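A.B. asks: Sequence:
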Amino acid sequence: MSPDTRTPRAATACAPWVRTRLRTAPGAACAFALLVVVTAFLAAAFPRAVDNYENKGLRHDLGHVAPTRSVLELSGPQPGLELPVAAREAAVRGATLASAQRRILAGLPDPVRADASQSAYGVRTSEAVLATEPWFPRPYGLDPALTYVTQSALPGHSTLRAGKWPVVHGEVSLTTREVEAAVTAETAKALRIKPGATIAVPTRGGERLTVRITGIVAPRDPQASYWSAEPLLRTPSLVARPTKETPRYYWTAALLLPPDAAPALLATTGQPELYWRIAPDGSRLAALDVPRLRTAVASLEGGPELLKMREVAGDTVTVTTGLDEVLTAYDGMRAAIQPVVTVAAVGIGAVAAVVLLMTGGLMAGRRHAELALLRARGGSLPGIGGRLLAETAVTAVPAGALGLLLAVLTIGQARLWPAAAGAAAVVALVCVALPLRTALLHRTPQLHGGRDDLVSARPSRRRTVAELTLLVLAAGAVAALRRRGTDGTGGTDLLISAAPVLVGLIAAVVLVRLYPLPLRLALRSVSRLRGAVGFLSLARAGRSSAAGTLPLLALLVALTTAAFGGSVLAGVADARDGAAVRAVGADARVSGQADSAPLSDRLIRAVRKTDGVRDVAPVQIEYGVALPAPERGFEDAKGATLVGVDPVTYARLSRSTGIGAFSADRLKANGPATPEGTMPSKDRVLPVLVSPSVAERLGERPRDLQSLAGDFRIQVAGTVADTPAVDDTSFIVVDSASLTHRQTTALLLTGNRLDGGALRAAARHTGEDTTVRMRAEERATYVDTPMQTGAERIYSAAIAAGAGYALLAVLLSLLQTAPERATLLARLRTMGLTSRQGGRLLGFEAMPQALLAAGGGLLVGWATIALLSPGIDLAGLALSSGPGSGLLDSAPLRTDPWSLVLPALGVVALAAAVAGVQAWWAGRRGSITELRAGDSR
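Per my numbering: the sequence shown = residues 1 to 937.
These are computed hints drawn from the structure, not numbers from a lab. Keep in mind that this is a model prediction, so the values were computed, not measured. Honestly, I wouldn't trust all of these hints.
What the hints assert, rightly or not - Calculated pairs, SDA-like style, for lysine to any residue (alpha carbon to alpha carbon, straight line, at most 25 Å): (1) Lys668 - Asp727; (2) Lys164 - Ala95; (3) Lys194 - Glu133; (4) Lys668 - Val720.
Said to hold, decoys possible - Each pair of labels, with its calculated beta carbon distance range: (5) Gly332 - His169: 52 to 62 Å; (6) Pro892 - Leu381: 49 to 59 Å; (7) Gly206 - Tyr623: 22 to 32 Å; (8) Gly639 - Gly206: 44 to 54 Å; (9) Gln271 - Pro598: 40 to 50 Å; (10) Thr159 - Leu81: 15 to 25 Å; (11) His765 - Gly639: 29 to 39 Å; (12) Leu473 - Gly718: 39 to 49 Å; (13) Gln223 - Pro598: 49 to 59 Å; (14) Arg894 - Gly332: 22 to 32 Å; (15) Leu130 - Tyr623: 29 to 39 Å; (16) Ala390 - Thr328: 49 to 59 Å; (17) Arg212 - Gly141: 21 to 31 Å; (18) Pro231 - Thr316: 19 to 29 Å.
We put the beta carbon where it would ideally sit given N, CA and C, even for glycine.
Start from the sequences, fold in the hints, and give me the full structure.
C.D. replies: This is how it looks when you write it as structure tokens:
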């Protein structure tokens with residue numbers, strides 16, 4: 001005994017357990033650490049990726065929305081007439097408004113933040129003042145209406161193009177009768193304004209305030225909030241005067257005065273008002289700030305914060321903004337995307353957990369004899385479990401930390417704690433579940449037991465109850481998903497999101513139960529053959545462990561998740577393609593102004609000769625055709641769109657696009673075609689194809705129709721829900737040869753390699769005002785938000801991860817029995833088995849389970865999508881609130897064959913490859929190495 005420690009010297013000489021185990025199997029430890037790194041990275045990267053695209057989506061929506069919708073504007077009337085003149089003048093001077101602006105910016109409620117550089121304040125005339133100067137342009141003989149604005153910081157946001165900056169001379173008051181102003185270059189060009197021009201503004205006293213134009217400026221950033229919050233500041237506009245007759249237009253524009261010239265506007269008849277325009281700054285906002293941001297905006301519009309603003313800017317100040325609408329649209333997009341993404345996350349998480357448990361099973365199987373010996377020699381279960389926990393933690397904790405670090409470095413601008421929780425969950429599962437699963441197998445000292453063959457095993461009652469419970473959960477999840485869907489109205493439901501996983505779990509249980517039946521039949525058939533390889537391989541396949549549900553579960557869930565993810569991406573692509581086709585009507589569309597101006601024969605010939613054009617469908621479109629009074633019910637003023645077509649080419653176009661397909665014979669009228677310019681016979685009835693709403697309006701008998709294309713009698717020959725030429729819900733399709741006044745207003749083109757540049761060049765050469773729209777260009781506009789692209793990246797990663805985990809599950813299941821198969825080959829080789837026969841033996845042995853997993857994966861993936869598709873709408877993920885969102889009512893989930901077949905084939909190919917490699921490696925090692933004396937294998 002040592003005198004100091006009283007510890008036996010033999011004990012101090014013992015090597016540490018953990019270090020010894022890691023040195024004994026460094027390869028297995030490194031492979032296990034790599035698996036934990038990848039799994040922890042995925043668990044940490046998912047919440048960071050969701051946070052990242054949601055944050056970017058919010059900032060994108062706030063940054064790309066029109067400033068007229070996002071800006072916060074405080075406005076109030078001019079100081080009351082009951083105040084002294086000096087007080088009224090002081091209230092509108094630049095220094096007073098600037099002081100209020102600073103206090104307003106400082107008093108904004110959190111998380112509302114202002115972009116001070118783009119915010120502005122000033123005084124403006126709320127009512128436009130007519131300018132009577134004769135040199136102004138008057139397109140319809142109407143005087144232009146001008147707005148006078150004293151917006152702050154004009155020199156800082158514009159460049160002087162001509163003249164000089166407007167300034168004040170002395171102190172401007174109510175009695176001042178001349179001030180200076182500037183206009184933008186666009187305003188000067190449209191209204192023919194030059195430096196030195198003067199404009200007389202009427203005042204309440206009957207005198208005139210002279211506004212002298214001293215400079216012409218150009219905005220430095222025309223799209224920024226300073227200029228775009230009120231577009232009239234930079235760009236004049238033609239406005240129609242309300243009238244029941246033909247509309248007449250007049251110019252409206254804004255003149256920019258220096259801030260200290262505001263007192264002079266108090267004397268005008270333009271009803272001046274004060275305003276403070278706050279441009280929001282969304283660069284530091286996160287998705288978690290949306291509820292507080294919505295509350296703050298509502299409070300500013302009509303709550304306690306509005307009262308605070310009134311203490312600063314005046315008791316009559318009001319706050320208006322469209323920011324709440326922007327936030328509502330953002331919430332709608334996020335609510336549509338989040339549940340669909342959660343389905344992918346739950347699927348991959350389940351597969352990863354199962355693969356980690358399979359890894360623990362492999363470790364337990366390899367060390368079964370060692371731990372059984374320790375248990376037989378008196379080792380306690382807690383002691384064995386503690387050693388296994390320490391051994392696992394030494395590898396798993398650094399690997400989990402590395403995975404978290406990689407996720408943080410890969411994906412920035414996101415919260416840390418959800419990622420840390422995900423990585424910690426992986427480490428906890430590994431450090432607790434794996435040692436616990438291994439140690440519990442040795443609750444009692446075990447002797448050498450009998451075989452646990454899959455074919456002869458009989459499930460226990462507890463297992464039957466557990467399987468029935470899972471079946472009920474899966475059925476409930478599928479029913480809930482089909483009924484409620486993933487539209488986000490009820491939030492994210494984990495039970496619904498786990499529906500694919502539960503379906504895969506039930507399928508695995510059912511397949512394991514049914515697997516012995518075909519295997520027994522195949523074994524009976526093969527036993528009658530002369531060769532021994534087939535019989536031995538099937539017999540070996542039947543001797544696999546009855547606990548084979550775990551590998552099969554991993555494969556089925558992984559294949560189902562990959563198929564589900566691929567189908568989601570395919571459904572998104574289909575939805576965008578369908579919306580683009582509906583928006584354009586074909587691969588390309590050449591039309592006159594508003595689809596109403598006729599196209600010349602020269603243009604039509606030029607378009608037909610353009611490279612890539614395969615077919616051209618000319619159409620004549622007339623909007624707002626009055627429908628006859630309904631046979632029953634009340635008459636309304638709702639009209640329809642008349643579409644004149646060539647039946648043959650238009651029917652061919654409808655079939656190729658899949659929009660409102662019909663037979664050309666249904667549109668052909670009896671009798672000869674009506675000569676152009678002549679009235680059709682009153683007895684002739686034209687067959688038409690109509691939308692359901694028009695069919696209900698017209699009824700079944702012939703009805704008279706009046707239009708610019710002619711007056712004729714029509715009868716409904718068929719109903720189609722949609723038609724390529726228009727996206728209206730009320731339309732009438734008629735044979736253009738039967739129209740009295742014929743013209744082509746649009747060309748619908750189909751082709752494989754249409755060139756938009758060539759089509760636009762052909763249109764320009766004819767000198768006509770035409771519009772060319774390409775389906776491919778329209779399709780590209782539907783992917784423009786970080787939320788959409790981020791969700792698609794997550795699903796792409798889910799497909800890759802699902803396929804990877806599926807292949808890893810196959811590899812682990814084969815590695816678990818690899819030593820036993822190597823020993824079998826060595827023994828059979830001593831009895832004359834050749835290397836080729838050994839390869840076939842291992843391949844045939846692995847094929848039943850591989851084919852079971854592949855076939856089951858195909859079946860379960862298809863069944864899962866078929867069961868869940870009624871409850872999943874991909875329109876929010878595909879189109880969201882973009883330009884094509886109104887063209888599709890829904891975007892259902894559909895089965896993608898490649899996502900089903902490729903992972904399943906990968907499973908079979910990997911199983912065959914592993915068997916072949918093992919047979920080759922066993923042949924190189926030789927039989928003596930495998931058949932050592934005293935080896936119990």
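A.B. asks: Are the hints correct? Go through all of them and say.
C.D. replies: Hint by hint, here is what the structure shows:
Straight-line distance between C-alpha atoms of Lys668 and Asp727 comes to about 23 Å, which keeps the hinted pair within the 25 Å bound. A distance of roughly 23 Å separates the Cα atoms of Lys164 and Ala95; the hinted pair therefore holds under the 25 Å criterion. Simply put, Lys194 and Glu133 have alpha-carbon atoms about 13 Å apart, close enough for the 25 Å limit, and the pair holds. For the suggested pair Lys668 and Val720, the alpha carbons sit about 16 Å apart, so the restraint of at most 25 Å is met.
Our hint of 52 to 62 Å for Gly332 and His169 holds, since their Cβ atoms are close to 54 Å apart. In this structure the hint that Pro892 and Leu381 lie 49 to 59 Å apart at CB holds, the actual value being about 53 Å. Separation of Gly206 from Tyr623 is about 50 Å and departs from the stated range, judged on CB atoms against 22 to 32 Å. The hinted range of 44 to 54 Å is satisfied by Gly639 and Gly206, whose Cβ atoms lie roughly 51 Å apart.
In this structure, Gln271 and Pro598 meet the distance hint of 40 to 50 Å, their C-beta atoms being roughly 47 Å apart. With their beta carbons about 39 Å apart, Thr159 and Leu81 fall outside the hinted range of 15 to 25 Å. At about 36 Å, the beta-carbon gap between His765 and Gly639 stays in the expected band of 29 to 39 Å. Between Leu473 and Gly718 the CB atoms are about 48 Å apart, so this pair conforms to the stated range of 39 to 49 Å.
Remark: the range hint 49 to 59 Å for Gln223 to Pro598 is contradicted by a beta-carbon distance near 36 Å. A C-beta distance of roughly 24 Å is found between Arg894 and Gly332, which places it inside the suggested range of 22 to 32 Å. Between Leu130 and Tyr623 the beta carbons are some 35 Å apart, a value that agrees with the proposed interval 29 to 39 Å. Against the hinted window of 49 to 59 Å, the Cβ-Cβ separation of Ala390 and Thr328 comes to about 53 Å, which satisfies the hint.
A beta carbon spacing of about 27 Å between Arg212 and Gly141 agrees with the range 21 to 31 Å that was offered as a hint. The supplied range of 19 to 29 Å is met by Pro231 and Thr316, whose beta-carbon atoms lie about 26 Å from each other.
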